[in-house]
Structure formats: C-alpha cells, structure tokens
Amino acid sequence: MKTTTRVAKVSAATCTAFTLLLTSCIYNRQSAIDPAGPQSGRIDTLWWSFFWLLGAIFLIVMVLTAMTLTRQHRGFEQEPLEALHKASEKTEARLRSVITGATIVSIVILFVLIVASTVTGKANSELQNKKNPLTIQVTGTQWWWQIEYKMGDPTRSLVTANEIHIPVGRPIQIRGASNDVIHSFWVPNLNGKRDLIPSRITTEWLEADHPGAYRGQCAEFCGLQHAHMALWVIAEPEDKFNAWLEAQLQPAASPRTPEEIKGEQVFMNHACIYCHAIEGTPAAGQSGPDLTHFGSRRGIAANTLPNTMGNLAGWILDPQTIKPGNHMATIEVSSGDLQPLLEYLESLK
Amino acid sequence: MKLTTVRNASGLAICFVVIACQRQHQDIRPSPTQLAIYGDAAKEDALRPGGPVSPQPTVNNPYNASAYDISEGQRLYNWYNCSGCHANGGGGIGPPLIKQHWIYGGEPANIFDTIVKGRPNGMPAWGGRIPEYQVWEIVAYIRSMNGEQPRSATASRADMIQPSPQTLVNRTNDQTK
Ligand SMILES: [Cu+2]
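Order-wise, the sequence lines are chains L and X. Numbers 33 to 381, taken from the working numbering, label the letters of the first sequence in order. Numbers 782 to 958, taken from the working numbering, label the letters of the second sequence in order.
Treat each hint with caution, since some may be false.
Stated by the list, open to error - Which bits of chain X does chain L cover? Going by a derived footprint, with three or more residues having C-beta under 8 Å, they are:
| # | stretch |
| --- | --- |
| 1 | 859-866 |
| 2 | 902-914 |
What the hints assert, rightly or not - What follows is a set of in silico ranges between Cβ atoms, one per label pair, in the way DEER data are often shown:
| # | chain 1 | residue 1 | chain 2 | residue 2 | range |
| --- | --- | --- | --- | --- | --- |
| 3 | X | Gly792 | L | Val213 | 32 to 40 Å |
| 4 | X | Ala936 | L | Pro314 | 28 to 36 Å |
| 5 | L | Gly133 | X | Leu793 | 42 to 50 Å |
| 6 | L | Arg232 | X | Ala936 | 48 to 56 Å |
| 7 | L | Leu127 | X | Ser791 | 47 to 55 Å |
| 8 | L | Ile214 | X | Ser791 | 31 to 39 Å |
No lab work stands behind these hints, which were simulated from the structure alone. Ideal Cβ placement from N, Cα and C applies to all residues, glycine included.
Using the sequences provided together with the hints, build the complete structure.
In structure tokens, the structure reads:
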C-alpha cells in the first residue's frame, strides 16, 4: 500500500517537472531550448541529442538494475564455488567481455559527446555570414547593463541601458566589457553565455531569425543584486529597427506641459545629474543608466520592475527596498516635486 | 574536557562572527536619526569656520569604522567628482586631502560641514544635493585616507591604478580593428 502511494507521488512529481519543461518550451520564454537564431538552434539540437542519448542509457541501466535485483538464484552447480567466493571460468570470461564492451561503449559515447559540444561551441563563436554587422557594446555594471551602438560615425553613436534592439537577420557583434567585476551576458534564446571581464573585451556573435523580445540576464554571480540584472533583446524587422534607431539618436524630448517643465527642473536640482545623463540637458553623469529615452524602455532598474509611473515613484523614493544594495542614492524628493519628476521622466520617449 | 573545548571553540567562533558582522554591517538605508544631523554638524563659528570650537564637536560619524560605508564613500568620491579637484587625495585644483593640517578642521563633523556648506576659495557646497548619509560615507572615506579608520575596516590595497573603462575600450577598439 505504502509503496504504491510513493510510486504515485514520484510519478506525479515527474509529470509536473515534464509539463513545466514542456510549457517553458511552448511559450516564448527565456529558454535555451526555444531557439530564435541559428546559434541557439545548434544549442537546442545539442541539448536534445544529449537528452535522448543519455536518457536511453539511463533507461537501459535502470532496466538492467531491475533485472539483476529480481533475478533468481542460478542453481546447484554454482554453489561449491560460491562458498569459495570464486566465480567459474565461464562466468569470469563473460564478466571480462562485458566490462571491456561497456568501457569501449562509454569511451565512444563520451568521445561523441565531447566532439559534438566542441563543434557546437566552435560554430557558435562565429557566424557564417558576417557581412554588414552591427556592433553593440555591452558593459556590465553592478547591477545593470550599459548598451552602446557604435556605427563608425561618432556623431551617430548611441548610449542606452538594459534594452538592446536588433534587426532580424542581420549579424550582431556584441562587444562585452565590465566596469567592476565579472558579469556574464546570456540571452538563452539567441546564444550561449559570454563573460564580461574587467580590463578586457570579449566578443559574441548573435543573429535573430524571427522578431520577438528575448529576455537575458547576468549569468555570473556579481554581488548583492546579481539576480536583478536582466535585459531585453528586441528583434524587429529592419525598417522598424531603423525607426527606433533614428528616434534614439535624437536628444531628449524637451518638456511640454508645465508639469514636465517643473519635473526637468527638479531633476536638474537634485543629485540625479551627477549619476545620470540626459542628452540635450546639463545632466551628464556617467555612473548610472542614461535616461535620454527612459520613457521608451520596458523596465526600471535592469528590468526589476515594469516601467510604469507607479513603479517609478517607488523606485525614486526608495530604491534600496526594491533592489537592496544597488548604487542609486536614496534622495529626498518632496511630495510636490515627485509627480512632475515622474511625468518628466516618462515623457522622455 | 572535550565539552569545554567545544564550548570554548564555539564561543570564539561566535565572537568572530559578531566582530565580522560589525565590520561588514551594511546599512543600505539611511535611518531618520542619521538624516536629522544634517546641517551644522560642527556648530562652527561663522567668522572662523573650522577654527577651534568650544565645546568640541560632539556629532560622530555614524559610519565610522564600517568597511562597507568606507568603500561606498570611495565610490561616491569618484562619482561625485571630488577626484576631479582633489585627485585621489593628493590634491589638484583643490588642496590635498591626505594631510596633517586641515584648513577647516579634520574632525568628522568639520569635514562634513566643509562638504555640505562649501568653502570660500573654490570648494562648492554640496548640501541639498548629495544626500547627507552619503556625505557621511565620503567623510568616513576621507578619514580612511589619513589612516584615521581602523585597519580592519579599510582596504589593504588601493585599486586606483587600474585604467578607466573608457581608455580601455578605446585601446581595445584599436586592437580589434
Ligand atoms: Cu552581473
């Protein structure tokens, strides 16, 4: 009775685990087995080959174990030898061939897996077609991502944060750097991880096959708020991407309503300007995310919260509760100043 | 016999943990009492700022001897560009901050007032801009430059030599071209 309930529990747990795994594949979620580009396609193939091959081996071993456990005693002729703890000549020979066979098979399988991994890794570090690449510099910083588009022409370079837009089908070169400790850039739907190392530039190539928003996050423990260091990669058709790029290259929209005008003054009169830059205003701080087009972004504080006015109020009043230990200062903003400040920041589309 | 050894050892371990906790205490949110001391910390004479004050300033730096806040102070010292005028303590447009004789006093409360109120010969006033808990963190850091913080709370190695990320980016840009 007891064993049957246990069996039921174990199979229920297994089922749930599998369902979770499958649903995570079906929905467009942050997952390495939901590929959106040629490289993650290879990772996906590799993952499933490992899964089926190793799953088959696991099954075989389990079946053999079950057979051994339930096997009947061989019979009388074995008994005198068993008393001496010695196997018969025949058994010895069979044992030897089984061990040799298993060793050879294991070595072959390991070899195949190693070769498959290495080939995938090699193939993923480059792209076949690298014509007309777009170079994006990603700098990991405790605990957010600085994103820079370098387009050759210095007047057309763009700094933003926590959100990367890319055109579908075009090769993207990510140049990774770090301002403090080691971070790791990982957008599972597009490619594997790439560490961002202080005093060094690492590169990764990406390409998205179809439009979509792909979530990524830091994959190397980097301090208190490592878990809240996420980014979005948004792949769009070329024309939509170009429109986004042109809009982002503009300086910040000037405030229109009286509230927004007051909000700009509030921003300029507080410490915000020492850490944040807003292109086209005196604010030129470099230690925090660039806010020139903050209102157009999806998230606040490396996508810890969705970008809504309510969340922004919470963030400005008390960043240390939302993301304890992060480097944004807790600044007293008077109640009359808060609403204008929020409206100004959200107007920076 | 064995029991006492175990007891002593665990007592010692708890002591270490407690000491370590104090050193590593991270006060990430300023408490209202800390905010209340904002302003004229040293109660200084308007005519002779930084001069001898009687009675001696009684306000203590709430972040004294805290490793976390000293390192925060170091970060902010650069972020708020104190280093632009005072370099890494050696001085430039502004006077050096590693020194024996302070123009305006070297007690925590004096340094706090200098930062908050500014000083006539070119030191900007930061009051109302930098939040006061961060001013105290910067004070703790400036005191640590002068060896006025316990060794246990200060970094054993300065990390100033490392190049700024931008020079680095420029340099590697050239390499990979
Ligand atoms: Cu990180």
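Status of the hints after comparison with the structure:
1. 859-866: It holds, with 3 qualifying residues against the three required.
2. 902-914: holds (count 4)
3. Gly792(X) to Val213(L): 32 to 40 Å: Roughly 35 Å apart at Cβ, these two residues keep to the hinted range, so it holds.
4. Ala936(X) to Pro314(L): 28 to 36 Å: Because 34 Å falls inside the window, the suggested range holds.
5. Gly133(L) to Leu793(X): 42 to 50 Å: violated, 57 Å
6. Arg232(L) to Ala936(X): 48 to 56 Å: Violated, since Arg232(L) and Ala936(X) (Cβ atoms, about 23 Å apart) do not stay within the stated range.
7. Leu127(L) to Ser791(X): 47 to 55 Å: Holds, since Leu127(L) and Ser791(X) (Cβ atoms, about 52 Å apart) stay within the stated range.
8. Ile214(L) to Ser791(X): 31 to 39 Å: Cβ of Ile214(L) to Cβ of Ser791(X): about 36 Å, so the range 31 to 39 Å holds.
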